[in-house]
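Colleague: If you want the building blocks of each chain, they are given just below.
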Amino acid sequence: MHVALVMECDYRQGRTQEEAFSEAFTIAEAAENCGLDGVWLAERHFATHRRPTDPMGAGIPSVVSVPLVWASAIAARSERLRIGTGVSVLPLCHPIRLAEEAATVDQISRGRLDFGVGRSGFARAYEGYGIPYGESRERFQEALDVILKAWTDDRLTYEGKYFRCENLCVMPRPYQQPHPPIRVAATTPDTFPMIGRMGYPLVTGLRGFDIPEVAQNLKRYREAWHAAGHAGNGNVYIRIPVYVAATDVQGQRSPRPAPCVPIGAWPRTLPAPRRAVVRPSQKSAWRGASASAR
Amino acid sequence: MTYEELLRDRLAYGSPATVSQKLCHLRDELGLSGVIMEANVGGQLSPEQVLNSIRLYAQEVAPSLR
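If you read the sequences in order, they're chains A and B.
Residue numbers are given in our numbering: position 46 of the first sequence equals residue 46, and the series is strictly consecutive.
Residue numbers are given in our numbering: position 50 of the second sequence equals residue 50, and the series is strictly consecutive.
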């Protein structure tokens, strides 16, 4: 059982980006020293504070746009921790470049990279990169194909719809052979059986789904896994909000969020554990604070 | 959804015993190979609270999950 945490590398109102970097490294160091198995680095583009006039803002700003660069720095600061991308958005990068970078991180970390991949649900990032979101699934499949061949073929020749290359020897090779473990992100129901057919471990979360829905999606993943003739029962990693404190009261006290939380608008509308118990007179202030954070 | 419903269905918040119980239940029900903590959803916790929570998760919750 792999027990890990995800690093969104958020920075909160009133903090600087420099502080966000240093807080994130402190978290990675804590994960290493406390005995967690791994950290997973998100990939968030154009994640600024959201302003009413600026649709590009992501609500919760983040400094992790290039997870493999972060992974490299964390690799240099740790000895034991597995370091995952959670996930690398394949259609936004040239696959040969990604194969080179991920193999480099795998070498630097001496085999501690978990290569999490996906296409991301944030169409905004695609707009910024000038890539049609409608092509994301096809581009994802092709990019993953290219990356795996780049790591394993002596000479890579590829003729796809989006990528073509001939007789390339892609260097360096990954430290882990034949390649770092692949984890594929699933957020939409039709992605689950697709990953099962491909025979890859799957990463999902509780955003947009409740547990029975996740169970149903995983059933379809495993059915597709078996139907394709893969050995075993698949592997599933789940992201879930966790907050542990000394007591239940400390861990769960929180102001009531706005009356109804629209699921799917995760994560900014999900209530976080708060620092203090809220008295009735403070409720309006909390609402104001959460509204401005959106 | 109310906070109570979220707390029941989608969040693992509480003491080490409560969080262990929730995550073990989730592991068994979904047949999980891994649990990945989202340590500060909403960004409202102080760095000290996050680090303390990570330490408790690693040292008091993780052993029951493995």
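Since the hints were derived computationally from the structure, they do not count as laboratory data.
Every residue, glycine too, gets a C-beta built ideally from N, C-alpha and C.
Among the hints, erroneous ones may be present.
In silico SDA-like links for lysine to any residue, alpha-carbon gap of 20 Å or less [what the hints assert, rightly or not]: (1) 219(A) with 33(B); (2) 161(A) with 181(A); (3) 149(A) with 165(A); (4) 22(B) with 249(A); (5) 22(B) with 212(A); (6) 219(A) with 59(B); (7) 149(A) with 209(A); (8) 22(B) with 165(A); (9) 219(A) with 9(B); (10) 149(A) with 168(A); (11) 149(A) with 101(A); (12) 22(B) with 253(A); (13) 22(B) with 215(A); (14) 22(B) with 101(A); (15) 161(A) with 179(A); (16) 149(A) with 129(A); (17) 22(B) with 59(B); (18) 22(B) with 213(A).
Each pair of labels, with its calculated beta carbon distance range [stated by the list, open to error]: (19) 165(A) with 60(B): 31 to 39 Å; (20) 9(B) with 69(A): 19 to 27 Å; (21) 177(A) with 24(B): 45 to 53 Å; (22) 9(B) with 219(A): 50 to 58 Å; (23) 48(B) with 159(A): 26 to 34 Å; (24) 66(A) with 9(B): 28 to 36 Å; (25) 159(A) with 4(B): 51 to 59 Å; (26) 215(A) with 64(B): 17 to 25 Å; (27) 181(A) with 5(B): 33 to 41 Å; (28) 24(B) with 123(A): 35 to 43 Å.
Colleague: For each hint, tell me whether it holds in the structure or not.
Modeller: Hints, one by one, checked against the model:
As the CA atoms of residue 219(A) and residue 33(B) are separated by approximately 15 Å, the hinted pair is consistent with the 20 Å bound. Proposed proximity of residue 161(A) and residue 181(A) is contradicted: the alpha carbons are some 26 Å apart, above 20 Å. As the CA atoms of residue 149(A) and residue 165(A) are separated by approximately 12 Å, the hinted pair is consistent with the 20 Å bound. Between residue 22(B) and residue 249(A) the CA atoms are separated by roughly 16 Å; this keeps the pair inside 20 Å, and the hint holds.
Between residue 22(B) and residue 212(A) the CA atoms are separated by roughly 15 Å; this keeps the pair inside 20 Å, and the hint holds. The straight-line distance between the Cα atoms of residue 219(A) and residue 59(B) is roughly 32 Å, outside the 20 Å bound, and the hint therefore fails. Annotation: proposed proximity of residue 149(A) to residue 209(A) is violated, straight-line Cα distance about 34 Å (limit 20 Å). With a CA separation close to 49 Å, the supplied pair residue 22(B) and residue 165(A) exceeds the 20 Å bound.
Of the supplied pair hints, the one linking residue 219(A) and residue 9(B) holds, its CA atoms being roughly 19 Å apart against a limit of 20 Å. Simply put, residue 149(A) and residue 168(A) have alpha-carbon atoms about 10 Å apart, close enough for the 20 Å limit, and the pair holds. Restraint check: the Cα-Cα separation between residue 149(A) and residue 101(A) comes to about 15 Å, which is no more than 20 Å; the hinted pair holds. Of the supplied pair hints, the one linking residue 22(B) and residue 253(A) holds, its CA atoms being roughly 17 Å apart against a limit of 20 Å.
Straight-line distance between C-alpha atoms of residue 22(B) and residue 215(A) comes to about 15 Å, which keeps the hinted pair within the 20 Å bound. For a cut-off of 20 Å, the pair hint linking residue 22(B) to residue 101(A) is broken: about 37 Å separates their Cα positions. For the given pair, residue 161(A) sits about 24 Å from residue 179(A) by alpha-carbon distance, which is inconsistent with the 20 Å threshold. Proximity of residue 149(A) to residue 129(A) is assessed by CA-CA distance (about 25 Å); at most 20 Å being required, the pair is judged violated.
Taking the CA atoms of residue 22(B) and residue 59(B), the gap is near 16 Å; set against the 20 Å cutoff, the hint holds. Between residue 22(B) and residue 213(A) the alpha-carbon distance is near 17 Å, which keeps this suggested pair within the 20 Å criterion. Checking the proposed 31 to 39 Å range against residue 165(A) and residue 60(B) shows it is violated: the Cβ atoms sit about 50 Å from each other. Look at residue 9(B) against residue 69(A): about 36 Å separates their beta carbons, and that is not inside 19 to 27 Å.
Take residue 177(A) and residue 24(B): their Cβ atoms lie about 34 Å apart, and the range 45 to 53 Å is violated. Between residue 9(B) and residue 219(A) the beta carbons are some 18 Å apart, a value that contradicts the proposed interval 50 to 58 Å. A beta carbon spacing of about 55 Å between residue 48(B) and residue 159(A) contradicts the range 26 to 34 Å that was offered as a hint. Distance hint check: the CB atoms of residue 66(A) and residue 9(B) are about 34 Å apart, consistent with the given range 28 to 36 Å.
For residue 159(A) and residue 4(B), the hinted distance range of 51 to 59 Å is satisfied, since their beta carbons lie about 56 Å from each other. Range check, residue 215(A) to residue 64(B): about 21 Å between beta-carbon atoms, so the 17 to 25 Å window is met. A hinted range of 33 to 41 Å for the beta carbons of residue 181(A) and residue 5(B) is consistent with their spacing of about 35 Å. The given range of 35 to 43 Å is respected by residue 24(B) and residue 123(A), whose C-beta atoms sit roughly 37 Å from each other.
When the structure is compared with the earlier hints, violations turn up for hints 2, 6, 7, 8, 14, 15, 16, 19, 20, 21, 22 and 23 and for no others.
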